[in-house]
Every structure is written in structure tokens, then in C-alpha cells.
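Student: Chain by chain, the residues run as shown.
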Amino acid sequence: MTDPGVTDLGVTDLGMPTVASDPYGHLRGSEPFPVAARRSLADTQLRQNLGHATRTIRAKRAGVVAEVDDWEELRRAGEGIKADVMARLPELLVQFEEAVTARGGVVHWARDAVEANRIVVDLVRGTGAQEVVKVKSMATQETGLNEALGEAGIAALETDLAELIVQLSDDRPSHFLVPAIHRNRSEIRDIFLREMPDVDPELTDEPRLLAMAARAHLRRKFLSARVGISGVNFAVADTGTISVVESEGNGRMCLTLPDTLITVMGVEKIVPTWSDLEVFLQLLPRSSTGERMNPYTSTWSGVTPGDGPQTFHLVLLDNGRSNVLASPDGRQALHCIRCSACLNVCPVYERAGGHAYGSVYPGPIGAVLTPQLTGIQGTDDVSASLPYASTLCGACFDACPVRIDIPHLLVQQRAAAVDAHTRPTTQDVAMRAAAAAMSSPGRFSLVERALKLGRLIGRSGRIRSVPGPGAAAWFGARDMPTPPAETFRQWWARTRGPSS
Amino acid sequence: MVGAHPGTVVVSARDEVLARLRAARDAGGATAPEVPREYRRSGTAPPGSAEVVDRLVETLTDYKATVHRVADEDDVSATIADILENAGVTTFVAPPGLPARWLGEVTARVRPDEPPLSVAKLDAVDAVVTGAAVAIADTGTFVLDALAPDQGRRAITLVPDHHVCVVRAADVVSSVPEGIARLDPTHPLTFVSGPSATSDIELDRVEGVHGPRRLDVVLVAPRA
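These protein sequence lines map, in sequence, to chains A and B. If you read the first sequence in this note's numbering, its first letter stands for residue 1, the second for the next number, and so on. If you read the second sequence in this note's numbering, its first letter stands for residue 1001, the second for the next number, and so on.
I should point out that these hints are in silico values taken from the structure, not numbers from a laboratory. Hints may contain errors.
Said to hold, decoys possible - Not everything, but these chain A residues come out facing chain B in the computed CB check (under 10 Å): (1) I57; (2) P179; (3) S322.
A virtual CB, placed ideally from N, CA and C, is assigned to each residue, including glycine.
I would like the entire structure built from these sequences, with the hints used as guidance.
Tutor: So, in C-alpha cells, the structure goes:
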């Protein structure tokens, strides 16, 4: 059975790749990256927490990747499978839908975040439940499902430890894998003491005890939950099998104990066959938590009489993915398996943290995925600032388990951001001026002499701003060294030139 | 379908999403590349070999499962009896098809999951004893098949706080691809690698969150 979800549309809208809706601002941030990053860089506690956590995970990942002698071959297979999926995505989705339906699941399609939220809210209302338990899902963070459920009077309880920390402190996630990576153990203890009514007031900041406090807090909820909500790590087209990869067992609780399971899945999560999991179940855990295998992976297919939820709804979500798919290179961003290895190795992420990106998809992959999902609307779209949040050092490509060429995509998205200009920017004007100056030796030496003026405003050795229209925008993200007292050409003319 | 108003069409979300994806796929490229599969699809040693079993002991132990090695299936019941007694287990749940010979010497009270126990009853037992479909030595993983009579529905290995799992050497493979090949993807499956754990606090692995906090593996493998 499929949900008709019928809507009136203008003829011209039908079938055109379309950017995401973002009802709660979880994709497009509220300020440009440089502005947000400057604030997080000033937060020394945040930088200390992130530095410690990313150093730990980088070392663990390197250790378990080194154990696998065919790692590069696995990466190439992962890349190939995902490229194959993109080339056959509509057909694979239809095949998958048939398999899920044949096994007793109900498949719904959602054009965008608003529609996905509406479908889930209606389904939960249909059960009469006032509360749902959720296992961490990037797709439902993207759509703002918790807010939509809240507006409908339904409490959505995040059960992943880090998500729980974020939810209890009314915070935003800052990492795919460890949404509370920006918090250290003593901050987490403080949040638990403040927000968990039944917690032991003697709770210390020992991680084992913090985990026990979360177990106690959630256990009654799990055992009585009627509706569970999940995302998807991999969905197998030919068998209708869905997998969720996790650590704590909160996923197993949400997927097993409730009567009704609602799963929201971005359409790109498909793999063609069951045996493709032999590649991804090697790549994902080692790249993400730095483990040979995560503690629990659950797989299921439709409804199984006598085991687990007896009602299963699957919501297939576009929300801008068709826009990404339409780009021959850009669609690589849809290959992402959300391991977060690129975040952990990125020198920009390590210092600025996930919140600075303004999107639920932070870090290098987020900087190329987010602007493609939202599209870039005009010169001052904050999404357009994300591809510049990189030094193009290439560490993200080396770490990516499916070989996404993130540096190449960053450059492409910078070009897209420039193309979105509707009027000349300061940079355009500056480049035109530079072109004019460099077109004759006489003009160039005039500019060289003028450069000395820069020494007057750069007393600390750096120029942080100059007067002039639009210059503030340019210097918003940059400073530059004070020009030298003498340029190379001037030095050459003085020491080696014909007149000396 | 033609809509009520001239110039509009009524389209289901399904048709529209698929139409968008077809247009996008064609614009971005519709040629499916050959997938390079040069990675190892079979393990370094044959299933059940001493080398593979030894590696499984290492990887299980590394992720904080306790491994009890027995040479013969006749020794399983005494080992399980010891494990349960040492842990102070008085009641445990067993799937309907658990081999009776595994429990011969066990003194703790068994509650068979037939008819299925309520969640509250599962929460009240101290432990669960099951078999496993396959174990993967490279990663320290065993897989539970919910439709296998000696493994049982997923809830019974989730709610009790202590899991004792019997793994036979013949079911131990070296690599993930060999493990995947032995499983039926239409059955509910649970891949278990060590007790429940989290890395959410400063990315340190801490054992014991919502799933069973204690995991014992009884490995039936003759010494070479």
C-alpha cells in the first residue's frame, strides 16, 4: 500500500529536481560561517573539548583501519556501489518499495521536510500515542520532526546518549556521530543533575556512571513505548532489508519493543543487494567510532509475525536530494554514509566545531552537501559561505571510506556561490582592478608604490580592515600581511637593475 | 491524472519524487559503473579452523565479552551452570528451541519464551541463554537470527541484563563477507559485538548502556 499524498501542482513543477524545504532552519544557518566560527573560536572550553575528542577518535580510527589489509579495495568498492546506486536510483527505489510492501511494510513518499513531518505526525496521531521514542536519525533532524511532533502535542524522546544530552540542555547537535562532542564529562554531569528529576545527586563525572544514569532515566520509557521512530543506515533494494547501526542498545529498544515503527529514510540510503553490506559493515564502524564493529547492528524486512513491531511505516524522503543528484559531480555528496571521519580530521572543524556550520550536516561533507540541498539563493545566502570553511588540505578525502572527492566538490561549490552573485561583489571589483593594474608594467609599478600606504594601517603586521565600499565584507573572513617596505621588483631594480 | 482545474495535474508524492529523481539522474548521468570488487571476499583461514577460533577469542575479549572455551558440546551445560551461578542468576529466559542438553546441569530456573513472555516478565528475569547463527572472527561479532529456534525473537536478548551465547566452531568465519553470505536478509537479525557500549562521552568506549551489560560467550571448539 502506498500513501497517495495527493497535491495540486502547476504542470511546470512536475518532476523537476527541487531544493529542500527547511521548516525549522536545520539546514540553512542563521549567519555566515565566518561570523559563527569567530564566536566558537573564542570559546576555549569548546576548543579544548573538541581537540581532545577528535584526537582520541583519530588515533582509534587509524589503529583499526591499519588492521585491514584490503582497506583501499573496500573504499573503491564502496565508492563504486554508491555511484552505481545514483545511476539507478529511481529503479532501485521502486524495487525496494515492492520488497518492503510485500513483507507487510507501508511505504510513504515525501517531497520535502514539511511533507515528511506531516506524514509522521498523522501516523503517530493515528496510534493515539502522546510520546514516541527515537533512535538517532540525521534525516529527522534535517526535517525538524521533533519540533513538528511537539507542535502536535506529541513528545519525542531522543534515546541516544549524546542526543539525550543535546535534548536535555536545549542545545543543537554538533557532530553526526557524537552530537554532544562539544560537551565534556563534567558539563554532561551538570546537565544530568539539572534535567533528570530522578538522578542520584551524588552523580560524578565518571563516564560509566553517566551512562548508567541515562540507562535508568530511559528504561521505563523504552519498556512502555508504543511508537518508535528511526532513521536508516543502509536499505537493501532486492530484499527490502533495512539496517540501523548503533552502540548503546537504544536503537534495538526502539526497533524491537514498540507496536508501531516509523522509519524515515533519505532516498540515497539504498544499496542494491544484501551482499553489498559486506563492504559497508566493514567501512562504517572503523571510520566512525574507530571500532572493528559497533556493538549492535539491527536488520529487518517489513513485518515479522511474532517478532518486533507489527506495524511498520517507511517514509522515503527527497527534500533536495533530487537537486543534488542532478549534478554530475555534486551527487557524490549523496554517497556519504555519515561516518563523520571527515569531521574528525578537518583542521577547520576541529577548531570551529559543528555549530558554526549552522546545518545539521557540519564539517567538510556538510559544507558540500548543505548548499546543494538548500540551493544558493542570492549573494548573501549563508549556505554559500560553507564551501569556504576549508583549507582544501585534502585530509577529508583520505579519510572518507567511500572516497568522496570533497576538496573537488568544495571548489565546485565555491564556483556555484560565485555564480549566484546577482551584482558585482567587492571581490569582483578588486579582481577587475587587479586585471587592469597588471595589464601594463607602468601601471603595475604605480600600484607597487601605492602598496606602501598599506604599512600605515597595518601596524601590528596584519591588515584587518581598510576603508572603502564593500571592503568590510572582504575582511570579514580574512586579514592580510602588511605589505613589505620594498617589493621584489623594486629590490631587483635597486640591486641588479640597469641603473645600479 | 487530470486535476479539477484546467492547467493543473494532480500528482501523488510518489510519482513526483520518482519523476524528479529520473530527471535528476538523467541530467547527472545514468551510466552505471562497474563496481570494483578486489577486496577479500573470503577469509585468511577456513571457517572453524583453529586460527579463526583463536582470533575470535581475541576480538571478543578485546571488546569486553567473557569467553569460555569448551572442547565438546557435552561440556556446555556445566559451563553455563557455572556462569549463571557465579553471576547470581536465579531465573533466565530461553528461546523455545534451545537444545535441552545445554541446560542439563543448570540449577537456575528457566522460563521458556513459549508462549512469549511480556516485556515486564523479560525485565524481571536475570539472564538469557541462546545460540548464534554465525560468528565473525575479524570483528568479534556474533549474529542472532530471530527466526532460528535456538536464538529467538529479538526482545529476549535485549531486555535481560546478562546474555550467555553459545557459539559452535563450525559457525565461526574469518571475515565479514563470509558472515553476510551465511545469513538470510529476510529474517530479523542482530549483529552483536561485545556488551552494550557508548562512545558518546569524549569518544571513550564505556561498556553497559541499554542492552545487556554483561556478555558471556561459550565457544565450543576442540583444542587443536
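Student: Could you run down the list of hints and mark each one as holding or not?
Tutor: Hints, verified against the model:
| no. | hint | verdict |
| --- | --- | --- |
| 1 | I57 | holds, 5 Å |
| 2 | P179 | holds, 8 Å |
| 3 | S322 | holds, 4 Å |
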